[in-house]
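Engineer: What follows is the residue order along each chain.
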Amino acid sequence: MKFGVLQFPGSCDDLDALNAAGRVGDAELLWHSERDLKGADAIVVPGGFSYGDYLRAGAIARFAPIMESVIDFAKDGGLVLGICNGFQVLCEARLLPGALLGNMNRRFTFRQVGLEVLNSGGSFTHGCALGERLSIPAKHSWGRYYADAETLAAMDRAGQLVLRYAAGQNFNGSLHDIAGVSNERGNVFGLMPHPEHAIDELVGGSSDGLKIFESMRLTVEGVHA
Amino acid sequence: MIRARVLIRPKAGILDPQGVAVERALPALGFAGVANVHVGRLVELDVEDPAQLESMCEKLLANPLVEDYEIVLDE
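The listed protein sequences correspond, in order, to chains A and B.
Quick note on numbering: my numbering labels position 83 of the first sequence as 83, and the sequence is numbered without any gaps.
Quick note on numbering: my numbering labels position 60 of the second sequence as 60, and the sequence is numbered without any gaps.
Because the hints were derived from the structure by calculation, they are not lab data.
It is possible that some hints are incorrect.
Taking lysine-lysine and the DSBU-like style, the derived pairs with C-alpha atoms no more than 35 Å apart in a straight line are [claimed, not checked]:
#	chain 1	residue 1	chain 2	residue 2
1	A	Lys139	A	Lys75
2	A	Lys139	B	Lys11
3	A	Lys139	A	Lys38
4	B	Lys11	A	Lys75
5	B	Lys59	A	Lys75
6	A	Lys2	A	Lys38
7	A	Lys2	A	Lys75
8	B	Lys11	B	Lys59
9	B	Lys59	A	Lys139
10	B	Lys59	A	Lys2
11	A	Lys139	A	Lys2
12	A	Lys38	B	Lys59
13	A	Lys38	A	Lys75
From just these sequences and the hints, can you work out the full model?
Structural biologist: Below, the structure is given as structure tokens:
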């Protein structure tokens, strides 16, 4: 299978995402001003500071030409993973519910976080066990997940709350300790921590991040764990 | 062209850590009697058609899920 990794001016985790995706499949960068997804089976919207994060994180990037193709791809059921700034872009594009607000501690914060898998039946986490704890780095200023109470209740019922920060690990103040959510259909997933930085125990604290990319490969290839 | 200002604020009920920080800082500087501090953004722009401003706010200038906006036109 082939991953397409978007690249905006200001992306900085695009090459790590390319490297991580390349561990489980083929992977190619897709430049923001292009429209061609080049036959990708799954899209990764990477972390960084797309278009300088001017106005609001992700607010400008969502209007990039490549995003028009990604929105169509998602509406056709294609797999789209948004990491950190990519999560913000997918929320701004309304491919995911809710929004990401400034961290409660008002600081850019970088730390290894423990995450709990709340839904191991989805396209991005079926390579994980229910309740499994993943150790993945997070690094951001705008990671406080917010959606109104009615939306959150509907997401909970539909299994869209996929990952949460383990007890004591929610440094950004996200509601219900939410770290990663999917859309209702389950083909679009966003998370603030960085699975692409946790693919090698030597430098990533764990290789747990690979499970997300591996789950995507299994989904595309029609293999159900 | 008409000069417009768009005031963007965090929606009521959403925690505003910047506002909280400012509210705590003011008494520390000796300014008593300060409450309900919120920090937002100001966008100033000249527009030919002010009727488009609301759509601009909904699509780009504000995130209506978490922010309220107020359009002020300079007469």
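Engineer: Taking the hints in turn, state whether each one holds.
Structural biologist: Hints versus structure:
no.	hint	result
1	A:Lys139 x A:Lys75	29 Å, holds
2	A:Lys139 x B:Lys11	26 Å, holds
3	A:Lys139 x A:Lys38	30 Å, holds
4	B:Lys11 x A:Lys75	30 Å, holds
5	B:Lys59 x A:Lys75	20 Å, holds
6	A:Lys2 x A:Lys38	9 Å, holds
7	A:Lys2 x A:Lys75	19 Å, holds
8	B:Lys11 x B:Lys59	17 Å, holds
9	B:Lys59 x A:Lys139	28 Å, holds
10	B:Lys59 x A:Lys2	32 Å, holds
11	A:Lys139 x A:Lys2	27 Å, holds
12	A:Lys38 x B:Lys59	29 Å, holds
13	A:Lys38 x A:Lys75	17 Å, holds
Checked against the numbered hints given earlier, this structure breaks none of them.
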